[in-house]
Amino acid sequence: MHKNYSLENLSEIAVEIISSAKNKTILFYGEMGVGKTTLIKEICKKLGVLDTISSPTFSLVNEYQTSKNETVFHFDFYRITNEEEALDMGIEEYFDNNDWCLIEWPENIENLLPLNAVAIHLTIIGDDQRNIQIK
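Take the sequence shown: its letter number 47 is residue 35 in the numbering used here, and every next letter is one higher.
Calculated directly from the structure, the hints in this document are not laboratory data. Just to be clear, a hint being listed does not mean it is correct.
[What the hints assert, rightly or not] The list that follows gives simulated cross-link-like pairs (lysine to any residue, SDA-like), each with its CA atoms no further than 20 Å apart:
id, residue 1, residue 2
1, 29, 103
2, 123, -2
3, -9, 119
4, 10, 82
5, 34, -5
6, 29, 9
7, 29, 40
8, 123, 106
9, 34, 96
10, 10, 101
11, 33, 44
12, 29, 107
13, 29, 41
14, 56, 101
15, 123, 112
16, 123, 97
Hey, can you work out the whole structure from these sequences and the hints?
Encoded structure:
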């Protein structure tokens, strides 16, 4: 999928991502301020997360439960300085559990990512317009 969107149709983009995901590990690429966290919040809402959703910039990972008793892990590796930190937190175990893993700044742990993860690339094309490309 390759398309432009705005906040008005963020909900439909989130639904498309969930329905087209080949698996539950989704990588979010894009510069600071492109809307990765905003999109992840919408995806979490569509998955039925009842908790308050926030960026785990300092904790590296937030865990949420859905109304369907699924677990969603939201990672933010912006502040990680080396892949060893991700290994120390047990990142491989998260990937092995078949839970939703939504990852911001995946390029900082590139060598640890599952090969079959879904990659989402976001770019800014205007004040409230974004382009999304799903691979």
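Taking the hints in turn, this is what the structure says about them:
no.: 1; hint: 29 - 103; verdict: violated, 24 Å
no.: 2; hint: 123 - -2; verdict: holds, 18 Å
no.: 3; hint: -9 - 119; verdict: holds, 6 Å
no.: 4; hint: 10 - 82; verdict: holds, 17 Å
no.: 5; hint: 34 - -5; verdict: holds, 15 Å
no.: 6; hint: 29 - 9; verdict: holds, 16 Å
no.: 7; hint: 29 - 40; verdict: holds, 9 Å
no.: 8; hint: 123 - 106; verdict: holds, 6 Å
no.: 9; hint: 34 - 96; verdict: violated, 27 Å
no.: 10; hint: 10 - 101; verdict: holds, 15 Å
no.: 11; hint: 33 - 44; verdict: holds, 17 Å
no.: 12; hint: 29 - 107; verdict: holds, 17 Å
no.: 13; hint: 29 - 41; verdict: holds, 6 Å
no.: 14; hint: 56 - 101; verdict: violated, 26 Å
no.: 15; hint: 123 - 112; verdict: holds, 18 Å
no.: 16; hint: 123 - 97; verdict: holds, 18 Å
In this structure, the earlier hints numbered 1, 9, 14 are contradicted, and the remaining ones agree with it.
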